[in-house]
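Trainee: Using the sequences and the hints given, assemble the complete structure.
Read off the chains here:
There are 2 protein chains.
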Amino acid sequence: MRRVSLRLVTALAACCLASFAAAQGAGGALPSWRDGDAKSRIVEFVKAVTDAKGKDYVDSRDRIAVFDNDGTLWAEQPMYFQFLFMLDQVKAAAPRHPEWKDNAAFQALAAQDKAALAKLGQKPVLELLGQANSGMTVAEYDQAIRKWLGSAKHPKFQRPYTELTYLPMQELLAYLRANGFKTFIVSGGSAEFMRPWAEKAYGIPPEQIVGSQQEVKFEMKDGKPVLTRGASFAFIDDGPGKPVGIYRNIGKRPIAAFGNSDGDLQMLQVTTAGEGRRLALIVHHDDAVREFAYDRESHIGKLDQALDAAPASHWIVVSMKNDWKKVFAFEK
Amino acid sequence: MRRVSLRLVTALAACCLASFAAAQGAGGALPSWRDGDAKSRIVEFVKAVTDAKGKDYVDSRDRIAVFDNDGTLWAEQPMYFQFLFMLDQVKAAAPRHPEWKDNAAFQALAAQDKAALAKLGQKPVLELLGQANSGMTVAEYDQAIRKWLGSAKHPKFQRPYTELTYLPMQELLAYLRANGFKTFIVSGGSAEFMRPWAEKAYGIPPEQIVGSQQEVKFEMKDGKPVLTRGASFAFIDDGPGKPVGIYRNIGKRPIAAFGNSDGDLQMLQVTTAGEGRRLALIVHHDDAVREFAYDRESHIGKLDQALDAAPASHWIVVSMKNDWKKVFAFEK
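Note that the protein sequences, when read in sequence, are chains G and P. Plus 113 on top of the position in the first sequence (first one is 1) and you've got our numbering. Plus 113 on top of the position in the second sequence (first one is 1) and you've got our numbering.
Mixed in with the good hints, there may be bad ones.
It does not matter which identical chain is meant; a pair holds if it fits inside one copy or across any two.
[Stated by the list, open to error] With a Cα cut of at most 35 Å, we get these calculated DSBU-like pairs of lysine-lysine:
{"no.": "1", "residue 1": "Lys214", "residue 2": "Lys295"}
{"no.": "2", "residue 1": "Lys438", "residue 2": "Lys330"}
{"no.": "3", "residue 1": "Lys160", "residue 2": "Lys337"}
{"no.": "4", "residue 1": "Lys160", "residue 2": "Lys214"}
{"no.": "5", "residue 1": "Lys434", "residue 2": "Lys337"}
{"no.": "6", "residue 1": "Lys166", "residue 2": "Lys337"}
{"no.": "7", "residue 1": "Lys214", "residue 2": "Lys439"}
{"no.": "8", "residue 1": "Lys236", "residue 2": "Lys365"}
{"no.": "9", "residue 1": "Lys365", "residue 2": "Lys269"}
{"no.": "10", "residue 1": "Lys330", "residue 2": "Lys295"}
{"no.": "11", "residue 1": "Lys334", "residue 2": "Lys160"}
{"no.": "12", "residue 1": "Lys313", "residue 2": "Lys295"}
{"no.": "13", "residue 1": "Lys337", "residue 2": "Lys232"}
Don't read these hints as lab results, they were simulated from the structure.
Mentor: Right, dumping it as structure tokens:
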């Protein structure tokens, strides 16, 4: 023991508060995860890539972790939440678009016909949304999203959609960041639908959200520079599009990837095809009581090929029912 | 004074080393900048937005700074360095493309005819590059870039291109980051051309580089997932494209923007049109001795409209000749 200034210690301590909080979080990591194979494989992976003396060590700059959003970080049933927002937007715009009466995507969306929507695929539905908000500035669109999220409620849980994030996944995000990872969302939905709430919900800032992209255009409007929305989509960040979105927006191969459906298959493949130790994980929706149970036959979040590929690829399949003590933070 | 454990102090100090180094850097900030209007306006801006008690305070999450690359962070004469790389790539691919003989962009590039290239614009030249590397995997392309950068030398300075970064701008990047800013490159060039060296040169990681985008496609090749390059460009991140690139990849309006040409005009406009205190800066190339002197009449990095807009928009115009003590780190 030697005598040193308390003031110095206080200054040092204040400066480090954030890091210490993170380190403590890692100590009692993943409290909503039951002990078992999934949890222990996650923890082993994180230990391996952060052990500076180990053979699997990865520099913190390369600790890139990518997360699907719908069905991986928050719920996606009875329909992608963005589709429900779109439905309201499309309904509001319908009087201005009499031609939609003969549009198959409009009919399916208006009837909430999941089978028809699944058959059509994402593209015509996204095109419809594109037409509905075409001409809006990005600021106006952002306001429409915030307004909807502030009032709409989930039909089963009767809560705002932003409360339907998975507590164990929030813990996982925080645990990875506490261990030097940079966490990204790579979603089939559009980035602007996630940006208003993802930082608060997940600790992921807007610049770390990759998603599908509607065309936007720079214009001068009343002497002010604005971005207005076009009608078509420039990029669909789903399935084989996800590795492309990762290449474009991140520019590094992730060392960890988290998904729940066949839309994440290629993202998981690219992640685990890299050299060195890798982690891939699939959230399996098998809890009809606390959430929903669906996989191979589902029209939303279909999990079939990726489930078949998991064992040979050494991807962790998480049972929501067995591996998670709690699904949502609001549970008793 | 109270007695506390030296070990605690040591641990705290080690943990804070990075932050302290940054804070020290801010103390003697911008050593290669001469005292004057440009330097003092930069420092005043940074003080204003980081003063938690001031009216101009900006939360660190919103301290987004965007930098053009060519002509702003490194040199761009006698021709964009990526074009010189492309020229070598196109030359190598020419025997496989006899149809290029009648292509105006190929002729201009092969003759290094800057006037013709300027008249054609970026698009046909980028298309030619697209064809030249089409079918390569992104890993192969990355290797080609690294190989070229490792051997090619600038015709005037006879040094590797990666040494032609501007020392005062490197200091500015570090100074902003030391004050809680997140720094991004938003370039008309393609991200993959900057990613191999920008982290070392500027401290900007691959995921914070926004650029023009060539098509890439996910494929399974010999049972392995790869991304291969298509022939066309999906997005040109220049002029009115820059605010679009910023919206897509960052999702926040920057509070500070740095450019040098009319290709940065809309990025500066969007940045300074935001509410609250903003900073926009133009690097004016007026130093024919240490670098190059060009502006309104130049075919590369033309600065005309943005120079006219600067005074009324309160954008700082930096004279490389007068405001910078040194241009390059290698200068005596």
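Trainee: When Cα atoms must be at most 35 Å apart, do Lys160 and Lys337 count as within-copy, between-copy, both, or neither?
Mentor: between (51 Å within a copy, 28 Å between copies)
Trainee: What label fits Lys438 with Lys330 when the C-alpha limit is 35 Å: within, between, both, or neither?
Mentor: neither (46 Å within a copy, 40 Å between copies)
Trainee: Taking 35 Å as the upper bound on the Cα-Cα distance, should Lys236 and Lys365 be classified as within, between, both, or neither?
Mentor: Intra 27 Å, inter 26 Å, cutoff 35 Å: intra and inter.
Trainee: Using 35 Å as the alpha carbon limit, work out where Lys214 and Lys295 are close: within a copy, between copies, both or neither.
Mentor: neither (45 Å within a copy, 47 Å between copies)
Trainee: At most 35 Å between C-alpha atoms: does Lys334 with Lys160 qualify within a copy, between copies, both, or neither?
Mentor: between (53 Å within a copy, 33 Å between copies)
Trainee: Within a copy, between copies, both or neither: which one fits Lys337 and Lys232 at a CA-CA cutoff of 35 Å?
Mentor: The answer is between: 29 Å across copies meets 35 Å, while 43 Å in one copy does not.
Trainee: Between copies, within a copy, both or neither: which fits Lys330 and Lys295 at Cα up to 35 Å?
Mentor: both (30 Å within a copy, 25 Å between copies)
Trainee: With identical chains treated as interchangeable, where does the CA-CA distance between Lys166 and Lys337 reach 35 Å or less: within a copy, between copies, both, or neither?
Mentor: between (55 Å within a copy, 30 Å between copies)
Trainee: Under a CA distance limit of 35 Å, which applies to Lys365 and Lys269: within one copy, between copies, both, or neither?
Mentor: between (39 Å within a copy, 34 Å between copies)
Trainee: Pop the pair Lys313 and Lys295 into one bin, within, between, both or neither, using alpha-carbon distances up to 35 Å.
Mentor: The answer is both: 16 Å in one copy and 19 Å across copies each meet 35 Å.
Trainee: Checking an output row: Lys434 and Lys337, CA cutoff 35 Å. Within, between, both or neither?
Mentor: between (53 Å within a copy, 33 Å between copies)
Trainee: Measure nothing new, just compare the shortest in-copy and cross-copy C-alpha distances for Lys214 and Lys439 to 35 Å and report within, between, both or neither.
Mentor: neither (44 Å within a copy, 66 Å between copies)
Checked against the numbered hints above, the structure violates hints 1, 2, 4 and 7; every other hint is satisfied.
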